[in-house]
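Chain by chain, the residues:
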Amino acid sequence: KNEVEQSPQNLTAQEGEFITINCSYSVGISALHWLQQHPGGGIVSLFMLSSGKKKHGRLIATINIQEKHSSLHITASHPRDSAVYICAVSLWSGTYKYIFGTGTRLKVLA
Amino acid sequence: GAVVSQHPSWVICKSGTSVKIECRSLDFQATTMFWYRQFPKQSLMLMATSNEGSKATYEQGVEKDKFLINHASLTLSTLTVTSAHPEDSSFYICSANLINEREGRVPFEQFFGPGTRLTVL
Chain H
4 KNEVEQSPQN LTAQEGEFIT INCSYSVGIS ALHWLQQHPG GGIVSLFMLS SGKKKHGRLI
64 ATINIQEKHS SLHITASHPR DSAVYICAVS LWSGTYKYIF GTGTRLKVLA
Chain Y
2 GAVVSQHPSW VICKSGTSVK IECRSLDFQA TTMFWYRQFP KQSLMLMATS NEGSKATYEQ
62 GVEKDKFLIN HASLTLSTLT VTSAHPEDSS FYICSANLIN EREGRVPFEQ FFGPGTRLTV
122 L
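First to last, the protein sequences are chains H and Y. Numbering-wise, the numbering used here puts 24 at position 21 of the first sequence, and it's gapless, one number per residue. Numbering-wise, the numbering used here puts 7 at position 6 of the second sequence, and it's gapless, one number per residue.
In case anyone wonders, no lab produced these hints; they're calculated from the structure. Being a predicted model, the structure only gives us computed values, none of them experimental. Beta carbons: idealized from backbone N, C-alpha and C, even for Gly. Hints should not be assumed to be uniformly reliable.
Said to hold, decoys possible - Just a sample of chain H residues kept apart from chain Y, beta carbon distances all over 12 Å, derived:
1) Q9
2) T23
3) H41
4) S74
5) R83
6) G97
7) V111
As the list claims (entries may be wrong) - One side only, chain Y facing chain H, incomplete, derived with CB under 10 Å:
8) H8
9) T33
10) F35
11) E110
12) V121
To be verified - Pairs of lysine-lysine, DSSO-like flavour, derived with a Cα cap of 27 Å:
13) K65(Y) to K100(H)
14) K67(Y) to K15(Y)
15) K42(Y) to K67(Y)
16) K71(H) to K57(H)
17) K65(Y) to K15(Y)
18) K65(Y) to K71(H)
19) K42(Y) to K56(Y)
20) K21(Y) to K65(Y)
21) K58(H) to K65(Y)
22) K110(H) to K42(Y)
23) K56(H) to K100(H)
24) K71(H) to K56(H)
25) K110(H) to K56(H)
26) K110(H) to K57(H)
27) K71(H) to K58(H)
28) K67(Y) to K56(Y)
29) K42(Y) to K65(Y)
30) K15(Y) to K100(H)
31) K100(H) to K67(Y)
32) K100(H) to K71(H)
33) K42(Y) to K71(H)
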């Protein structure tokens, strides 16, 4: 079992739909990160969470530390949101490292 | 802020040659940089952790003599793929951690370069 699990693995949505991507982890963490990887390969950090909820534009990220679960929501989805969304946790293991989820491939259709 | 660059963005080389990839933190200092490899439709795989002024720490299964890492300064790390073969063709991404001198290094956050696509013929 992976230490960081994401669901769904693939998601196709119509433009305007509300989207939720889930992430569960099984290790003690320093923080949880949501990353976005576009088809060109570059990775952008969307959120870093250690508690509660954060919002940036149409993106909302929440984390429940007790349940070891986080969600990324996209409101009013748009084709430009099409990307791979990666959940990662940072933790100390002799040095600080990220453990990555397998990613959610999102395609938003016009 | 917190911009990481990589050069080159893509490279095609012949089998047996060596290729060097540079990773730079442009507007911050990073004592630690990370090198990842990513195959199509797969997640990032950590290859090694690079610390300024010391030897890199390689993950299990990664050949340190094949993937040479040098972290000469707080803003530059290089990955050299020696005697490249077609199976080394992949997408290589570096990242750097941000030192926040006011608040220390916790929580820890990595900033990623745009990646280098290596094709070995």
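Hints, one by one, checked against the model:
1. Q9: violated, 9 Å
2. T23: holds, 20 Å
3. H41: For H41(H), whose nearest Cβ neighbour in chain Y is about 10 Å away, the distance does not exceed 12 Å, so it is violated.
4. S74: holds, 19 Å
5. R83: holds, 18 Å
6. G97: violated, 8 Å
7. V111: At about 18 Å from chain Y, V111(H) clears the 12 Å cut-off, so the statement holds.
8. H8: It is violated, given that the least Cβ distance between H8(Y) and chain H is near 14 Å, above 10 Å.
9. T33: holds, 7 Å
10. F35: With a closest approach of 8 Å, the F35(Y) hint holds.
11. E110: At 5 Å from the nearest chain H Cβ, E110(Y) passes the 10 Å test, so the hint holds.
12. V121: Interface hint status for V121(Y): violated (18 Å vs cutoff 10 Å).
13. K65(Y) to K100(H): Cα-Cα ~19 Å, so holds.
14. K67(Y) to K15(Y): The hint holds at about 16 Å.
15. K42(Y) to K67(Y): holds, 24 Å
16. K71(H) to K57(H): Holds - the C-alpha atoms of K57(H) and K71(H) are around 16 Å apart, at most 27 Å.
17. K65(Y) to K15(Y): holds, 21 Å
18. K65(Y) to K71(H): With a Cα-Cα distance of about 35 Å, the restraint between K65(Y) and K71(H) is violated, given a limit of 27 Å.
19. K42(Y) to K56(Y): Answer violated: K42(Y) to K56(Y) is near 31 Å, above 27 Å.
20. K21(Y) to K65(Y): Judged against 27 Å, a Cα distance of about 14 Å means the pair holds.
21. K58(H) to K65(Y): violated, 41 Å
22. K110(H) to K42(Y): holds, 14 Å
23. K56(H) to K100(H): holds, 23 Å
24. K71(H) to K56(H): Cα-Cα ~14 Å, so holds.
25. K110(H) to K56(H): Satisfied, since the Cα-Cα distance of roughly 25 Å is no more than 27 Å.
26. K110(H) to K57(H): holds, 23 Å
27. K71(H) to K58(H): Given that 27 Å is the threshold and the Cα spacing comes to 19 Å, the pair holds.
28. K67(Y) to K56(Y): holds, 15 Å
29. K42(Y) to K65(Y): holds, 25 Å
30. K15(Y) to K100(H): violated, 33 Å
31. K100(H) to K67(Y): Judged against 27 Å, a Cα distance of about 23 Å means the pair holds.
32. K100(H) to K71(H): Distance of about 18 Å is within 27 Å: holds.
33. K42(Y) to K71(H): The hint holds at about 26 Å.
Figure legend: structure checked against the earlier numbered hints; hints not met, in rising order: 1, 3, 6, 8, 12, 18, 19, 21, 30.
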